[in-house]
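Protein chains in written order, with my numbering: chain A, 77 to 278; chain B, 77 to 278.
These are calculated hints, taken from the structure and not from any lab test.
A few of these clues could be false.
No copy is singled out in the list; a pair is fine if it fits within one copy or between any two copies.
As the list claims (entries may be wrong) - With a straight-line Cα cutoff of 30 Å, these simulated DSS-like cross-link-like pairs (lysine-lysine) come out:
id: 1; residue 1: K269; residue 2: K192
id: 2; residue 1: K192; residue 2: K111
id: 3; residue 1: K107; residue 2: K192
id: 4; residue 1: K208; residue 2: K243
id: 5; residue 1: K192; residue 2: K270
id: 6; residue 1: K80; residue 2: K196
id: 7; residue 1: K208; residue 2: K270
id: 8; residue 1: K201; residue 2: K270
id: 9; residue 1: K201; residue 2: K249
id: 10; residue 1: K140; residue 2: K270
id: 11; residue 1: K208; residue 2: K80
id: 12; residue 1: K201; residue 2: K240
id: 13; residue 1: K269; residue 2: K249
id: 14; residue 1: K196; residue 2: K249
id: 15; residue 1: K269; residue 2: K240
id: 16; residue 1: K140; residue 2: K269
Remember, predicted model here, so these are calculated numbers, not experimental data.
There are 2 protein chains.
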Amino acid sequence: MSQKGFTLWFTGLPCSGKSTVADAVAERLKKEGFKIERLDGDIVRQSLTRDLGFSEEDRNENIKRVTFVAKLLSRNEVGVLAAFVSPYRSIRQHVREETTNFVEVFVKCPLSVCEKRDVKGMFAKARAGIIKDFTGIDHPFEEPENPEITLETDKETIDESTEKVIKGLREMKLISEIRSSEAYSPEEEEEIKKRLESLGYL
Amino acid sequence: MSQKGFTLWFTGLPCSGKSTVADAVAERLKKEGFKIERLDGDIVRQSLTRDLGFSEEDRNENIKRVTFVAKLLSRNEVGVLAAFVSPYRSIRQHVREETTNFVEVFVKCPLSVCEKRDVKGMFAKARAGIIKDFTGIDHPFEEPENPEITLETDKETIDESTEKVIKGLREMKLISEIRSSEAYSPEEEEEIKKRLESLGYL
């Protein structure tokens with residue numbers, strides 16, 4: 077079991093599946109004992125960014141604060157999985173330059189599919205004009221031009237997308253080989269759970 | 077060479093010597109290959125807290141953002157050395173509860189000595205009423221009641237204070253034995269410098 081520090085950056089439209097896949101990848105990697113931290117809007121809102129809204133300026137400030145955290149973690153051999161819409165190429169480029177082993181994961185999904193999912197009813201509010209500057213509706217999303225990994229969450233299952241990311245990390249030599257998700261006995265699952273709890277993860 | 081994650085929290089009046097000692101300790105530990113991050117006002121202002129002033133609310137928000145960073149680093153086996161005036165007991169208690177292996181370092185120094193040092197001319201401005209809410213002048217400092225380590229920077233040299241902190245870390249079994257600062261050959265110094273540069277530290 078060995079790993080390097082890295083910054084897996086999930087970018088894509090709202091409801092494209094960024095956090096879902098990032099959570100699934102994080103769970104697999106934590107089970108194997110890798111040092112992993114998840115960063116996304118819901119996680120950092122209370123501690124880091126609760127003063128920020130959704131204007132271009134505020135979105136960039138949001139990403140800058142998160143970038144600082146990802147920079148410190150990834151250069152100390154921690155794997156960071158960050159899921160943010162992060163619609164601007166320039167700010168994603170900034171994250172790439174600041175962090176260690178940056179891996180851009182484009183979570184590609186047609187707008188119509190994202191809108192159908194509409195997990196928190198945000199698209200409906202944006203369509204009704206209740207929310208302004210909503211990415212995909214009245215705010216642009218600049219697609220990545222050369223992402224290291226592309227997921228197509230309208231065509232892949234969560235498991236398939238998860239495997240794709242893990243395969244990518246292995247090929248880039250950022251993590252060593254890991255077991256398949258079915259390979260744990262109930263006793264091991266219990267032991268893993270205890271270890272993660274003691275680390276304050278659960 | 078082994079270490080645990082920890083959060084060394086230097087608290088004290090402005091100009092008491094918090095950052096100076098924290099820098100010296102960090103240098104010694106980095107040389108030995110420990111994973112170390114320094115956090116203080118000047119370091120986080122651009123990336124994390126540039127919207128904040130010096131009201132009680134803003135100071136607490138400042139510490140809360142830093143706490144989040146220290147929490148993530150210290151639970152991933154990184155040693156954090158944070159130097160902040162952090163004048164309120166309640167907020168330091170918050171940091172203690174949130175982070176791994178919290179060590180409160182009270183940098184004790186009489187107000188008159190701090191004021192004489194006045195590195196950035198801030199005391200003079202505070203006395204003249206140009207700066208408001210300046211700790212020690214027109215803003216309270218709540219001294220730690222049970223700090224793990226107390227430095228008396230009006231009586232100790234920087235080297236003595238540094239040794240005190242390192243000794244404390246060893247006694248708490250947060251770091252293994254380290255060499256004295258004179259034990260490096262010029263070749264080793266050069267090698268260390270290269271390694272630290274490659275990590276993006278210098």
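Index of numbered hints that the structure contradicts, given in increasing order | Result: hints 1, 2, 3, 4, 5, 6, 7, 8, 9, 11, 12 and 14 break, sorted rising.
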